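Given the coordinates of chain A, work out where chain B should sit on it, guided by the hints.
Take a look at the letters that make up each chain.
2 protein chains.
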Amino acid sequence: MPAPPVGVVGLGQLGGSLAAALVAAGRPVQGWDVDAAARDAAAARGVEITRALSGVVVLAVPLPAMATALDGLTVDPGATVTDLGSVKRPVLETVGATAGSRFVGGHPMCGTERSGHAAVDPDLFSGARWAVCLEPDTELPRWLRVAEVALDAGAAVVPTTAAEHDDAVAAISHVPHLLAAALAAAAGQAGPLALALAAGSFRDGTRVIGSDPGFVRAMVTGNAGPTAAALARVQEQLARPWTDLVADGHAVATRQHGRRDVRVPLERAALLALGRAGGAITRRRAAFVEGWVPDQA
Amino acid sequence: MPAPPVGVVGLGQLGGSLAAALVAAGRPVQGWDVDAAARDAAAARGVEITRALSGVVVLAVPLPAMATALDGLTVDPGATVTDLGSVKRPVLETVGATAGSRFVGGHPMCGTERSGHAAVDPDLFSGARWAVCLEPDTELPRWLRVAEVALDAGAAVVPTTAAEHDDAVAAISHVPHLLAAALAAAAGQAGPLALALAAGSFRDGTRVIGSDPGFVRAMVTGNAGPTAAALARVQEQLARPWTDLVADGHAVATRQHGRRDVRVPLERAALLALGRAGGAITRRRAAFVEGWVPDQA
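Protein chains in written order, with the working numbering: chain A, 274 to 570; chain B, 274 to 570.
No lab work stands behind these hints: they were computed from the structure.
Keep in mind the model is a prediction, meaning the values are calculated, not measured.
Note that beta-carbon positions come from the ideal geometry of N, C-alpha and C, so glycine has one too.
Hints are supplied without guarantee of correctness; some may be wrong.
Selected chain B positions facing chain A (in silico; Cβ < 7 Å) [unchecked claim]:
1. Met-382
2. Ala-463
3. Leu-466
4. Asp-477
5. Thr-479
6. Val-489
7. Val-507
8. His-523
9. Gly-548
10. Arg-549
The shape of chain A in the complex, shown without the other chains:
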């Protein structure tokens, strides 16, 4: 059975890069963007520009635009709908309410401080993790279709649920944005001498808050509960004796794991167990998927 077409809605950095990666992988790619320049750039990379989408429809628009991303477009009733949003529960509640069991949430863990179609890079997803949500009512064949899009783009698929995803990214993405903002704002208060002496540790610690503030705001407020909980856990760490804190933080930051190859049957519980163990899927086979888990799992 040939792979279904992929329809990418929003052809900025993420959507445009995905479309370019899938064209390079030999898949038929359709796309649309409200911006004519983004449409022209995608067309030049081999994307069929159309308002009529089918197969796997990927919403590659900012979180606040997710609910209205399909307005004015025609979507085949059998199409599977997915998204690239950085928070999954709110998208499940809005897009999922409309698309029902045809919706499968997704989140590729990549992107840079740059945005827009001029930042398109067909290798953006190469080697990245891509969370693909497997809720209790998710139809497994649709989940696999979305997973195959991620695999074709060069990513490794992490099966998870919207709730587990949102808790995890609060700890490793949303809280880092808030810490970077607080570090920068406090250094700004400390004055010109401090900013003049700022070197590598300050640049690394504040880099991520160079991103578009609207994007960051939508992300942290869209995942407010888990982010507040994860921030509280960081605050608990900061209250510990510094010697213990430095030792534990160093141990986590420098930990190296080997990987063990695994085969996982096409069953929800087994797939989610792989994700919870820190593993990822790298290949679809007929009756199972192949991937790896960290050595200690």
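For chain B alone, kept in the frame of chain A given last:
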């Protein structure tokens, strides 16, 4: 008057790089290290290995070793003593107590997670800021001799005091190390799924805690008061509404200043005012120094 020799005590990453940079700048460089391999590596780069030091003697050893760095060495009574330690009040209290007004504290704002003589890089200081401390009893000719060492290594000199330096680096270096440790430790608690999804913002936010934990511990505990105060200011930021926090953090992190060239007379108050304004010195002249300040100053 020819530039005096420079004697570097400790030929690891920082000291070895400084010795190599000064050899390249044409200055006579002496050096010593307790490790024979570090001595051999420095000798191969043109450093005269000797226990008898004169001119400007640079203590390039870890903070806990600072007080005993000169044990077993012979230092010319007229020599000026400086150091490269990341905290300045404790070094002023220990080394300054012995060397008196011959001591001028210094701190180049560079270095990487790597250490040891294998990480030596003659360009390490190129374009970096180098704080050189000007206390009320500092002899200005000795301060200038230390500043010239920093300039010859390719750095820009920031005049400051030990107290102002320690407050500033708490905000832009020591607190970032603690935030990185807390972020990593909390993510470790969050579990394998979170660590598997960790991407750019987590790597940037935790990179600095990959450094040697002994070095980080000595730094934060050696500057405990200012670091605790700076951490409290970050905590206040984290308690603000996230929308305001993100906007302010983004503004500081992305602020771009132009520079205005200035001449500063060889007077303590004028030099310290330059440092407080966020400026730096790039050249020594006979009766003044040249440098720049940020546009808004």
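Going down the list of hints, with the structure as the test:
Interface hint status for B:Met-382: upheld, as the beta-carbon distance to the closest one in chain A is roughly 4 Å, under 7 Å. At a threshold of 7 Å, the smallest CB-CB gap from B:Ala-463 to chain A is about 4 Å, leaving the interface hint in force. The restraint placing B:Leu-466 at the interface with chain A holds, with a minimum CB-CB distance near 5 Å, inside the 7 Å limit. Among the interface hints, the one on B:Asp-477 holds; its C-beta lies about 5 Å from the nearest C-beta in chain A, closer than the 7 Å criterion.
Here the hint on B:Thr-479 is kept, as its CB sits about 5 Å from the closest CB of chain A, short of 7 Å. The criterion of a C-beta within 7 Å of any C-beta in chain A is met by B:Val-489, whose closest approach is roughly 5 Å, and the hint holds. Because the smallest distance between the Cβ of B:Val-507 and any Cβ of chain A comes to about 5 Å, under 7 Å, the interface hint for this residue holds. Taking 7 Å as the C-beta contact cut-off toward chain A, the hint placing B:His-523 at the interface holds, the least distance being around 4 Å.
Interface hint at B:Gly-548: satisfied, since its Cβ lies 6 Å from the closest Cβ of chain A, which is below the 7 Å cut-off. Look at B:Arg-549: its Cβ gets to within about 5 Å of chain A, closer than 7 Å, so that hint holds up.
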